[in-house]
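Make a model of the complete structure from these sequences and hints.
Residue strings, one per chain:
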Amino acid sequence: SLPSGPSPEIFRRAKFDRPEATPALWQLLFRVLAPLPLDNPLASLAPEVQARLVKSALRSQGYPRLALAQLPEDGSQGSRELLLALSWLLARGPVPEQMLAQTRVPLGDEMTVCQCEALASPGPPAPQVRAEDPVDVRYVQWLMGKLRFRWRQLVSSQQEQCTLLSKIHLYTSGCHGDQSLGHLSVAEAEMLRDPEGGQQVRGFWSGNPQNLDLAYLKGLHFSCTPGMGPRTFWKDLWLVCEQPGLLLGDWSLLSPLRALLRTLECENRRLEAVLTWRRTELVFWQWMDTVLDTCAPRAPAAASQGTFLPGIPEHRGGELELVAWELRALQEELQEAAECRRAAWEAKAGGCGRGPEWSAVRRASREAVEKELGALQRCWEQDRDPAQPHGPHRLVRREDGAAGDWDLRAAEVIRTLRSQEACLEAVLHQLQGQCRQGLARLAGALPGLIWIPPLGR
Amino acid sequence: MLPRDCSGRLVAELQGALDACAERQLQLEQSLRVCRRLLQAWEPTGTRASEPPPGPETNEEDPPPACTPSPQDLKELEFLTQALEKAVRVRRGITKAGETDKVPSPRSRSTVAPPGTIAFAPPQNPGRAGGRASDARPTKGPCQTTVPPKGHSERQLLSLGHKTRVGTGARAPRPGPGLRDQQMAPSAAPQAPKAFTLKEKGHLLRLPAAFRKVASQNASLWAQLSSMQTSDSTDATAAKTQFLQNMQTASGGSQPRLSAEEVEAETRRLWKACSLLRLRMREELSAAPTDWMQEYRCLLTLEGLQAMVGQCLHRLQELRAAVAEQPPRPCPVRRPPRASPSCGGGADPAWSPQLLVYSSTQELQTLAALRLRVAMLEQQIHLEKVLLEEEVGGLERRRTRR
Numbered sequence: 001s002l003p004s005g006p007s008p009e010i011f012r013r014a015k016f017d018r019p020e021a022t023p024a025l026w027q028l029l030f031r032v033l034a035p036l037p038l039d040n041p042l043a044s045l046a047p048e049v050q051a052r053l054v055k056s057a058l059r060s061q062g063y064p065r066l067a068l069a070q071l072p073e074d075g076s077q078g079s080r081e082l083l084l085a086l087s088w089l090l091a092r093g094p095v096p097e098q099m100l101a102q103t104r105v106p107l108g109d110e111m112t113v114c115q116c117e118a119l120a121s122p123g124p125p126a127p128q129v130r131a132e133d134p135v136d137v138r139y140v141q142w143l144m145g146k147l148r149f150r151w152r153q154l155v156s157s158q159q160e161q162c163t164l165l166s167k168i169h170l171y172t173s174g175c176h177g178d179q180s181l182g183h184l185s186v187a188e189a190e191m192l193r194d195p196e197g198g199q200q201v202r203g204f205w206s207g208n209p210q211n212l213d214l215a216y217l218k219g220l221h222f223s224c225t226p227g228m229g230p231r232t233f234w235k236d237l238w239l240v241c242e243q244p245g246l247l248l249g250d251w252s253l254l255s256p257l258r259a260l261l262r263t264l265e266c267e268n269r270r271l272e273a274v275l276t277w278r279r280t281e282l283v284f285w286q287w288m289d290t291v292l293d294t295c296a297p298r299a300p301a302a303a304s305q306g307t308f309l310p311g312i313p314e315h316r317g318g319e320l321e322l323v324a325w326e327l328r329a330l331q332e333e334l335q336e337a338a339e340c341r342r343a344a345w346e347a348k349a350g351g352c353g354r355g356p357e358w359s360a361v362r363r364a365s366r367e368a369v370e371k372e373l374g375a376l377q378r379c380w381e382q383d384r385d386p387a388q389p390h391g392p393h394r395l396v397r398r399e400d401g402a403a404g405d406w407d408l409r410a411a412e413v414i415r416t417l418r419s420q421e422a423c424l425e426a427v428l429h430q431l432q433g434q435c436r437q438g439l440a441r442l443a444g445a446l447p448g449l450i451w452i453p454p455l456g457r
Numbered sequence: 001m002l003p004r005d006c007s008g009r010l011v012a013e014l015q016g017a018l019d020a021c022a023e024r025q026l027q028l029e030q031s032l033r034v035c036r037r038l039l040q041a042w043e044p045t046g047t048r049a050s051e052p053p054p055g056p057e058t059n060e061e062d063p064p065p066a067c068t069p070s071p072q073d074l075k076e077l078e079f080l081t082q083a084l085e086k087a088v089r090v091r092r093g094i095t096k097a098g099e100t101d102k103v104p105s106p107r108s109r110s111t112v113a114p115p116g117t118i119a120f121a122p123p124q125n126p127g128r129a130g131g132r133a134s135d136a137r138p139t140k141g142p143c144q145t146t147v148p149p150k151g152h153s154e155r156q157l158l159s160l161g162h163k164t165r166v167g168t169g170a171r172a173p174r175p176g177p178g179l180r181d182q183q184m185a186p187s188a189a190p191q192a193p194k195a196f197t198l199k200e201k202g203h204l205l206r207l208p209a210a211f212r213k214v215a216s217q218n219a220s221l222w223a224q225l226s227s228m229q230t231s232d233s234t235d236a237t238a239a240k241t242q243f244l245q246n247m248q249t250a251s252g253g254s255q256p257r258l259s260a261e262e263v264e265a266e267t268r269r270l271w272k273a274c275s276l277l278r279l280r281m282r283e284e285l286s287a288a289p290t291d292w293m294q295e296y297r298c299l300l301t302l303e304g305l306q307a308m309v310g311q312c313l314h315r316l317q318e319l320r321a322a323v324a325e326q327p328p329r330p331c332p333v334r335r336p337p338r339a340s341p342s343c344g345g346g347a348d349p350a351w352s353p354q355l356l357v358y359s360s361t362q363e364l365q366t367l368a369a370l371r372l373r374v375a376m377l378e379q380q381i382h383l384e385k386v387l388l389e390e391e392v393g394g395l396e397r398r399r400t401r402r
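Those protein sequence lines, which keep their order, are chains Y and C.
Residue numbers are given in our numbering: position 186 of the first sequence equals residue 186, and the series is strictly consecutive.
Residue numbers are given in our numbering: position 112 of the second sequence equals residue 112, and the series is strictly consecutive.
Among these hints, one or two may not hold up.
Unchecked claim - A few chain Y positions that, by computed beta-carbon distances, are all more than 12 Å from chain C:
hint : residue
1    : Pro47
2    : Ser76
3    : Gln158
What the hints assert, rightly or not - For lysine-lysine, the following DSS-like pairs were computed, each having C-alpha atoms within a straight-line distance of at most 27 Å:
hint : chain 1 : residue 1 : chain 2 : residue 2
4    : C       : Lys199    : Y       : Lys167
5    : Y       : Lys371    : C       : Lys272
6    : C       : Lys75     : C       : Lys86
7    : Y       : Lys167    : C       : Lys201
8    : C       : Lys213    : C       : Lys201
Bear in mind the hints are in silico, worked out from the structure with no lab data behind them.
For every residue, glycine included, the Cβ atom is placed at its ideal position computed from N, Cα and C.
As C-alpha cells, then:
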C-alpha cells in the first residue's frame, strides 16, 4: 500500500504550532511549489535544501510574512507559519487544479498555441559569469549557425510529423466512441496496436509530453489518494514522493493498457477530490481565520526588512534598462512625427473656423481615437489576451472544419499566429537596429573595438 | 574578440537555446517513430517483426524441444515462473470480476524460454507453433484476462475482414491488437492472423470498453471542474480575499513589496506595450490620409501614442525605484515554468484541453510551422536582448569608468 498524505491531525497540530507537524508541511509546500516528476533527482533533495527552496520560492512570489524566512530549516519548529504559507498559496491561485493540470494524462494529440513553456525562455538562470578568456567571436557565430541549423531540422521533422498525424487521424475516422472527437489519437491507436507492449515501448512512453508528442504514461508516478471531505481537505495535495522505486516497480508488471487505465482511474479520483474540496472550501477558510487569530500579532519590524526582501535577479534590472531605452527611442520618434504633423495640420486647417459643426467633428474624432487607443492599452495591460487561448489543445481532424463554441479553428489560430509573427519581426528588427546604433555610437569612444555583427537570419 | 564581460552570458544563453532545441528534436523523433510504426502494417503479435526485446540471449528461436534444459536454464525458468505467477496475481487483483481467467495451465510446460524474456506458450501449444520465433511478448496468455473475448460487441472487434482472414471460428492464440474475433474458439493449429494497415482497416478499430468508460468519466469530471471554476462561489472568493487581507495586516501592514515575479511581469508588459505602440505608429505613418478628417485622426492618434509612451516611462521609473530599493540577489532556483507564464495562468477557465479543429494536412502543417516560427522569433529576440544588455551595457560601463 502506498503512503498517504498528511493526516488531518497534522493540520490541527499545526494550528497550535506543534513542532511534530513541521516536516510534513515543509514537504507538502515543496511539492506544491516545485512540482517535479518523481524520476527527477531534485525530488529527493535533503529536507534542509527543500526548505531553502521553499523559502526562496515564496519570497519570489511576494509572501508577506517575514516570519517564514526566519524559520529554521531543520524542521524543528514553525508548523503554524508553514500552514499559513500553504493557505496563502491556496488563496491566491487555483493550486489543486493547476497541479491536476500538470499531471493530466493526455489522451489526444496535443498542441499548445501559446508560448508559455516554449523554447523562447531558456532554462538556465544566467549566472554572472566572468569568462576567464575572451571568447572568440567566431565561436559565437558558429554557435549561432548551429542554432539556425537545429531550428531548420525541427521545422522539417515537425512537417513530417504533421503529415503522419493527419494520415492517422484520417484513417481512423469514425471509430472513436466520442462523436465530437471522431477519430483516434496516436496514443489511442498505439494502445490498440500494442496493448500489452514490450519493454521498449514502456521506456519510450515516459517521455515528456509536449506539443504533438505522446504522453502515454505521464501520470504514472502519481498515485491515487483517498478522497477529500471537510475533515481531510489536504489529502489530495499530497503526492507520493517517498518511495518512487516501489511505486514504479509495482507498476512495471502491468501492461501499458492496464497502467493507463489505472492512471486514468487515479486521475478521476483526484478530480472528484478536488471537486469536493471546492464544494466545501468555505469551511476551510473559516478554520484558517481561527488559525490566524491564534498567531500573536507582530509589530512591523521596519528596520529588519532589509534582509528579507525578495531578491530581484541582477540581470532583470538590466532588462528594465533595455525597455527604458526602447521606450525613450520610441518617444523621440513619436514626438518628432507628432510635432511635424501638428504643424502641418495647423497650417492647413488653422483657418477652418470654429463653428459648432467643426467642433462636433473634432469631438467625435477624439472619442474614436481614445477608444481605439484604450483597446490597444488593454492589449498589454491584461496579462492574458482573451483571444489567445492558453494551454494545450487536442487536435481533431474534421473535413468540414466545423467547430463548437469552445473549440478553436485552425484558420483562426493561423491568423493570430501570423499577426504575432509580424509583431515579433518588427520588434526583432528594432532591436537589431538599436544594437547597431548603440555600437556605432560607442565605437568612437573606444577605438579598436571590433564590431560584432548582430544576430539574425 | 568579444568584450570579456558579455561573452560568458551570451554563450551560456546560446548553449541553453541549443539544448532546448535538441531536447525538442528528440521528442519529435520519438513521436515520429511511433507514428511511422502505426502507419506500417500492424502485424499480429505472433509474427510481428519488432525489435527483439533486450535480453542476454539474442537467439529468438526455440531450442528444439528435445534439448534437455541445463541447470542454469532450470534456475532461470524457476525465476521466470515466479515472476509470472506474481504477474498473474497482480493481474487477477486488477481484473474486473467476472472476466475469465485465461491463464493457460500448460504454462509451466513452456520449455526453455530465452532468459530475460517472458514468453507464454499458447494454451494448446506446448512449445511454439510452427517454430515461429518466440518474440517474447511478455504477456501473451494473461493478456486475455485484460480483454477477454467474450463476444461482447463493445470489445475490440474487427467485425468484417477478420473472420475471413483468420479462418472460420479459429481463435488466434495470440490475438492481434484491436482485432478480436467474435468467437475466440481455441484451435489446435492456430493460423497467423494476417497483417493489416491502418489505411485499410483503421476505421474499423474499436477502443476497449473499459478504456472508453474511464475516459468518458474523465472527460466529464474535467468539464465539471471547468464549469465550477467559472461559477466560483462568491462566498469562497470573499473568504479568500478576506483571508489574504488579514494576512497582510497581521504581517506588519506595510505596503506589499514588489515581488520578483511582479517586476518580471511588469517588464514583460512594458515590452509588449513598446512593440504594440511601435507597430501602431508605423501603421499611422505609412497610411496616406485621403481627407482632412483622416489626417486629423492620424494626428490625434500619434499624439495619443506619445502620451501613452509617456505613461509607460513613468511606470518604468516607479519600477526602477522599487527595484533600486531592494538589494539584488541572484536567482537561486529555476522557477517552475508555470509560476509566471506570459499568458497568465490564473484566469484560465478550461482546465482540460479544448479542441483544435483542422481540416487538412496543409492546414496542420501551416499551423505547426507558424508556431515554431513564433517560438524561434521569441528566442531570437531574447538573445538579441541579451546581446544588447551585455554588450552595450558593458561598453557604457567601460566608457563611464574613464
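Do the hints match the structure? See the list:
no., hint, verdict
1, Pro47, "holds, 16 Å"
2, Ser76, "holds, 22 Å"
3, Gln158, "violated, 5 Å"
4, C:Lys199 - Y:Lys167, "holds, 8 Å"
5, Y:Lys371 - C:Lys272, "holds, 19 Å"
6, C:Lys75 - C:Lys86, "holds, 17 Å"
7, Y:Lys167 - C:Lys201, "holds, 13 Å"
8, C:Lys213 - C:Lys201, "holds, 24 Å"
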